[in-house]
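Q: Sequence:
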Amino acid sequence: MKFDQTPKSCEIHTRRQARQLWARMAGRAPMNVQSFPRPPLLEQISRHLQIKYKGELIADTTQAYWALETHHPPTYYLPPSSVKVPLTKTGRRTWCEWKGMATYFSLRLGGQDVSNRIWTYEEPTAGFEPIRGYLSFYAGPWDCFVDGEQVVPQPGDFYGGWVTSELQGIVKGRTGNLDPIV
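Residue numbers are given in the UniProt record's numbering: position 4 of the sequence shown equals residue 4, and the series is strictly consecutive.
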């Protein structure tokens with residue numbers, strides 16, 4: 001059967017089913033965010049990560065890390081060498097109980113400054129030293145891709161996780177809430 005043909009018995013009725021079908025087609029096993037560890041697990045990955053803004057490539061790598069934490073979609077950390085546009089530090093700083101103090105950046109896109117949507121850990125805590133200086137991007141206002149699949153931002157605007165089709169379970173999202181992945 002061709003991928004563009006869908007028999008009546010296989011009709012997709014929910015976004016969750018569509019996402020699970022995409023994961024199976026992409027050859028990735030489902031992952032339940034509720035089974036991710038706490039404290040988070042940091043792993044080097046070879047997934048192809050791309051970030052684009054209106055078709056312009058901002059970052060591109062297959063040499064990144066992800067942090068997996070209970071009730072969170074993965075947060076990806078890209079090497080600074082993968083970023084194709086200049087970044088400027090802002091004054092924003094936040095604290096993560098696991099990774100330490102984060103510093104933020106701005107960049108100019110399409111004639112507009114986009115601030116505080118990219119961060120790094122310059123002095124990460126023990127266990128997270130491999131991501132020293134690596135950059136993490138919120139999934140917007142640009143388009144983020146994992147192995148060619150466009151991601152969905154983690155619900156809310158506090159956390160920076162990237163939701164992909166193989167993820168299942170309940171994620172933290174809007175402040176104080178848990179949201180189903182659908």
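By construction, these hints were calculated from the structure, which means they are not laboratory data. One should not assume that every hint holds.
Stated by the list, open to error - For each label pair, taking beta carbons as the anchor points, the in silico distance ranges come out as:
1) P39 <-> G156: 35 to 41 Å
2) P30 <-> C96: 25 to 31 Å
3) A126 <-> V85: 19 to 25 Å
4) E123 <-> Q44: 16 to 22 Å
5) K89 <-> D157: 28 to 34 Å
6) G156 <-> K84: 38 to 44 Å
7) K54 <-> T125: 15 to 21 Å
8) T88 <-> K54: 25 to 31 Å
9) N32 <-> G111: 16 to 22 Å
10) E56 <-> C96: 16 to 22 Å
11) I170 <-> W98: 16 to 22 Å
What the hints assert, rightly or not - The list that follows gives simulated cross-link-like pairs (lysine-lysine, DSBU-like), each with its CA atoms no further than 30 Å apart:
12) K89 <-> K52
13) K52 <-> K84
14) K54 <-> K84
15) K54 <-> K89
For each residue, glycine too, the CB sits at the ideal point set by N, CA and C.
Q: State for each hint whether it applies.
A: Going through the hints against the structure:
Look at P39 against G156: about 21 Å separates their beta carbons, and that is not inside 35 to 41 Å. Here the CB-CB span from P30 to C96 is close to 27 Å, well matched to the stated 25 to 31 Å. Separation of A126 from V85 is about 32 Å and departs from the stated range, judged on CB atoms against 19 to 25 Å. For E123 and Q44, the hinted distance range of 16 to 22 Å is satisfied, since their beta carbons lie about 20 Å from each other.
About 21 Å separates the C-beta atoms of K89 and D157, a value inconsistent with the hinted range of 28 to 34 Å. The hinted range of 38 to 44 Å is not satisfied by G156 and K84, whose Cβ atoms lie roughly 28 Å apart. For the pair K54 and T125, the supplied restraint of 15 to 21 Å is violated, since their beta-carbon distance comes to about 36 Å. As the Cβ distance of T88 to K54 is approximately 20 Å, the hint placing it in 25 to 31 Å is violated.
A hinted range of 16 to 22 Å is violated for the C-beta pair N32 and G111, which are about 42 Å apart. In this structure, E56 and C96 break the distance hint of 16 to 22 Å, their C-beta atoms being roughly 30 Å apart. Distance hint check: the CB atoms of I170 and W98 are about 20 Å apart, consistent with the given range 16 to 22 Å. Straight-line distance between C-alpha atoms of K89 and K52 comes to about 20 Å, which keeps the hinted pair within the 30 Å bound.
Taken as a hint, the K52 and K84 pair is honoured in the structure, with Cα atoms around 10 Å apart against an allowance of 30 Å. Taken as a hint, the K54 and K84 pair is honoured in the structure, with Cα atoms around 14 Å apart against an allowance of 30 Å. A C-alpha spacing of about 23 Å is found between K54 and K89, which places the hinted pair at or below 30 Å, so the restraint holds.
Going down the numbered hints, you'll see the structure goes against 1, 3, 5, 6, 7, 8, 9, 10, while the others check out.
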